[in-house]
Amino acid sequence: MESTLQFLADLVGGKITAGDPDLTILGFQSLSDAGDTDISFFGNEKYLQDLKESKAAAILVPPPSAGEFVTPEAVALIEVENPILAFDTIIREFGVAKPAFRPGIHPSASIGENCKIDPGSVSILPNAVVFDGSKIGSGTRIGAGAVVGENCEIGSDCEIGPNVSLREGSKIGDRVIIHSGVVIGGDGYGFEFADGRHQKIEQLGIVRVENDVEIGANTTIDRARFGETVIGEGTKIDNLCQIAHNVVIGKHCLVVAQTGISGSTRIGNYVTLAAQCGVAGHLTIADQTICGARSGVISSIKESGGTWFGYPAKPIKESRRESMRIKQLGRVLERIKALEEKPNQQS
Numbered sequence: 000m001e002s003t004l005q006f007l008a009d010l011v012g013g014k015i016t017a018g019d020p021d022l023t024i025l026g027f028q029s030l031s032d033a034g035d036t037d038i039s040f041f042g043n044e045k046y047l048q049d050l051k052e053s054k055a056a057a058i059l060v061p062p063p064s065a066g067e068f069v070t071p072e073a074v075a076l077i078e079v080e081n082p083i084l085a086f087d088t089i090i091r092e093f094g095v096a097k098p099a100f101r102p103g104i105h106p107s108a109s110i111g112e113n114c115k116i117d118p119g120s121v122s123i124l125p126n127a128v129v130f131d132g133s134k135i136g137s138g139t140r141i142g143a144g145a146v147v148g149e150n151c152e153i154g155s156d157c158e159i160g161p162n163v164s165l166r167e168g169s170k171i172g173d174r175v176i177i178h179s180g181v182v183i184g185g186d187g188y189g190f191e192f193a194d195g196r197h198q199k200i201e202q203l204g205i206v207r208v209e210n211d212v213e214i215g216a217n218t219t220i221d222r223a224r225f226g227e228t229v230i231g232e233g234t235k236i237d238n239l240c241q242i243a244h245n246v247v248i249g250k251h252c253l254v255v256a257q258t259g260i261s262g263s264t265r266i267g268n269y270v271t272l273a274a275q276c277g278v279a280g281h282l283t284i285a286d287q288t289i290c291g292a293r294s295g296v297i298s299s300i301k302e303s304g305g306t307w308f309g310y311p312a313k314p315i316k317e318s319r320r321e322s323m324r325i326k327q328l329g330r331v332l333e334r335i336k337a338l339e340e341k342p343n344q345q346s
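Each residue of the sequence shown is one higher than the one before, starting from 0 at the first, in numbering that gives the first Met the number 0.
Simulated from the structure, these hints should not be mistaken for laboratory data.
Just so you know, these numbers come straight off a predicted model, no measurement behind them.
Some hints could be false.
As the list claims (entries may be wrong) - Between beta-carbon pairs, the in silico distance windows are:
{"hint": "1", "residue 1": "62", "residue 2": "314", "range": "28 to 34 Å"}
{"hint": "2", "residue 1": "84", "residue 2": "311", "range": "15 to 21 Å"}
{"hint": "3", "residue 1": "155", "residue 2": "51", "range": "42 to 48 Å"}
{"hint": "4", "residue 1": "297", "residue 2": "84", "range": "19 to 25 Å"}
{"hint": "5", "residue 1": "14", "residue 2": "317", "range": "25 to 31 Å"}
{"hint": "6", "residue 1": "97", "residue 2": "63", "range": "32 to 38 Å"}
{"hint": "7", "residue 1": "324", "residue 2": "28", "range": "53 to 59 Å"}
{"hint": "8", "residue 1": "295", "residue 2": "6", "range": "46 to 52 Å"}
{"hint": "9", "residue 1": "84", "residue 2": "52", "range": "35 to 41 Å"}
{"hint": "10", "residue 1": "84", "residue 2": "322", "range": "32 to 38 Å"}
Positions of the beta carbon are idealized from the N, C-alpha and C atoms, including for glycine.
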């Protein structure tokens with residue numbers, strides 16, 4: 000990378016508020032790692048100290064309305080509405096390029112009968128397998144060793160990573176990113192105990208993943224017993240998550256690592272489930288709910304916009320009050336013990 004401060008300001012739609020427009024920038028780094036030829040960004044108040052001590056040549060900063068912050072002396076500043084997205088724009092312009100999209104089907108790949116695939120507009124890499132009746136849209140790349148089951152539908156401009164398994168009937172929208180090792184459409188966890196054993200219940204539905212979803216490595220999303228398990232538009236799922244049969248996740252949700260959602264639960268739009276959340280089955284979680292890390296949701300959350308935490312999950316203010324009471328128990332027990340000893344001392 001070699002650019003000028005002015006070029007970068009124009010690139011991100013920002014305004015230079017300090018520094019020479021002709022200043023040469025040779026790289027990009029975090030605030031703590033940046034040197035005197037790098038540009039960095041300040042996008043979270045948690046990094047106020049890193050901002051103050053940064054050795055960066057230039058820093059992307061939010062407008063003054065975002066709050067007070069102190070920048071190093073003699074540093075160049077570009078003011079932008081969203082420094083995080085602006086910095087990502089610079090990375091996309093100058094960062095390491097992704098592997099080039101090369102249309103075609105590798106000779107070692109296996110393609111079934113009656114598939115709707117244009118070899119001139121898709122990329123199918125070594126040892127991938129596409130079974131009968133599947134459809135793959137233009138601009139989509141199928142990674143090495145991936146398996147696309149019978150009658151699957153994959154939209155345009157998708158990235159299906161290495162060793163992904165899309166089981167039969169799965170429907171994937173446009174611009175979906177599925178990372179390595181994901182399994183979509185495996186059987187739901189359905190059993191009925193009878194005659195002294197757990198008897199398997201057939202799972203006849205599918206999984207539907209809507210447009211602009213991203214699914215992290217080794218996540219599993221089970222097919223519905225009937226109908227569909229649904230991942231809504233724009234939702235981002237982290238690594239190692241488990242989505243059970245007939246779950247419906249709304250639009251633009253965040254599901255963070257090692258979260259598990261039990262069967263037939265319905266998650267609203269713009270919901271955040273932080274790391275290691277557990278959600279019981281047959282529940283409803285309202286729009287814009289935030290569940291803190293390791294929360295255990297065992298009953299429906301009906302009011303939108305709340306923040307919940309703990310096990311069982313409670314509104315965060317209630318959870319904090321409960322934690323404070325638990326911390327005070329030691330002192331309370333000491334007082335009770337002292338009161339109990341007083342009659343003995345008097346006697």
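Inset, instruction - Return the numbers of the hints above that this structure violates; sort them in rising order. - result: Those not satisfied are hints 2, 4, 5, 7, 9.
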